[in-house]
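In case you want the letters, here they are:
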Amino acid sequence: DTGVSQNPRHKITKRGQNVTFRCDPISEHNRLYWYRQTLGQGPEFLTYFQNEAQLEKSRLLSDRFSAERPKGSFSTLEIQRTEQGDSAMYLCASSLTDREELNNYGYTFGSGTRLTVV
Amino acid sequence: GIQVEQSPPDLILQEGANSTLRCNFSDSVNNLQWFHQNPWGQLINLFYIPSGTKQNGRLSATTVATERYSLLYISSSQTTDSGVYFCAVSMDSNYQLIWGAGTKLIIKP
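Those sequence lines, one after another, are chains A and B. Heads up, my numbering is the position in the first sequence plus 1397, with the first residue counted as 1. Heads up, my numbering is the position in the second sequence plus 687, with the first residue counted as 1.
Don't take every hint at face value.
[Stated by the list, open to error] SDA-like mimics (lysine to any residue), calculated; alpha carbons at most 20 Å apart, straight line:
1. K1454(A) <-> Y782(B)
2. K1454(A) <-> F1471(A)
3. K791(B) <-> E1441(A)
4. K791(B) <-> L1436(A)
[What the hints assert, rightly or not] Now the in silico label distances, taken between C-beta atoms and shown as ranges:
5. T1494(A) <-> G703(B): 32 to 42 Å
6. S763(B) <-> Q1438(A): 23 to 33 Å
7. P796(B) <-> K1468(A): 41 to 51 Å
8. Q701(B) <-> E1480(A): 39 to 49 Å
9. T1473(A) <-> Q729(B): 17 to 27 Å
10. T740(B) <-> E1449(A): 34 to 44 Å
11. T1410(A) <-> T753(B): 13 to 23 Å
12. N725(B) <-> R1419(A): 14 to 24 Å
Bear in mind the hints are in silico, worked out from the structure with no lab data behind them. This structure is a prediction, so every number in the text was calculated from the model and none was measured. Where is the CB? At the ideal position from N, CA and C, for every residue including glycine.
One chain only, chain A, in its complex shape (with noise of 0.2 Å):
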């Protein structure tokens, strides 16, 4: 297992399309998060799924956006009429439930994509 895979690296819109977004977790994690990081902020929580099921989701998240995770492996993250402030790096990570094996890893988070909207 390589790790969190994100596609695309990057991104470049218009404004008003729609994007989506994939992420691969490691394989063996049930737990699978999105956030938002803006230049020189930390990452913001978006959505988080426990396998397929979607428990909970950011205020930040607008009705522009939805996340899925069909069959609980990879998920998707789409945002749709784009504008200029949807601008980020979009970052997944995933991890497992045990109390104990996330003593030991935390969360991996994956490469993210940049999305610029122009």
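For chain A, the structure is supplied; the task is to place chain B on it using the hints.
Just chain B now, with coordinates in the frame of chain A:
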């Protein structure tokens, strides 16, 4: 909501120096992690440390949960230690991490 403050915001050191980074949090937490974000943007988990002390090579961390702070120690700094160090916490039954603003560390050769 919970507040996470990191200090100092910026730190410039010569190679070989030691440093201490601090993270204060405003409420009880059941999860605290330290991350290093390298200049290419990759976030690397350093420690999962809701309490106690851990060491990994030149890095160690201590969390005093009752006093709501955590410290990250870097000894014998190397240029590859440069980047931003983040502290992130979450509260019981809440899996979203709340992040500090980070400490930007520059190690000069």
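Checked hints:
A threshold of 20 Å between alpha carbons decides the hint, and for K1454(A) with Y782(B) the separation of about 11 Å falls inside it, so the pair holds. At roughly 18 Å between alpha-carbon atoms, K1454(A) and F1471(A) fall within 20 Å of each other, so this suggested pair holds. Under the criterion of a C-alpha separation no larger than 20 Å, the hint pairing K791(B) with E1441(A) is consistent with the structure, at around 18 Å. Proposed proximity of K791(B) and L1436(A) is supported: the alpha carbons are some 13 Å apart, at most 20 Å.
A hinted range of 32 to 42 Å for the beta carbons of T1494(A) and G703(B) is consistent with their spacing of about 41 Å. At roughly 30 Å, the beta-carbon separation of S763(B) and Q1438(A) lies within the given 23 to 33 Å, and the hint holds. Between P796(B) and K1468(A) the beta carbon distance is about 49 Å. The supplied range of 41 to 51 Å therefore holds. Remark: the range hint 39 to 49 Å for Q701(B) to E1480(A) is upheld by a beta-carbon distance near 44 Å.
At roughly 21 Å, the beta carbons of T1473(A) and Q729(B) sit within the given window of 17 to 27 Å. Separated by about 38 Å at the C-beta atoms, T740(B) and E1449(A) satisfy the suggested range of 34 to 44 Å. Taking 13 to 23 Å as the suggested C-beta distance range, the pair T1410(A) and T753(B) does not conform, at roughly 48 Å. Take N725(B) and R1419(A): their Cβ atoms lie about 23 Å apart, and the range 14 to 24 Å holds.
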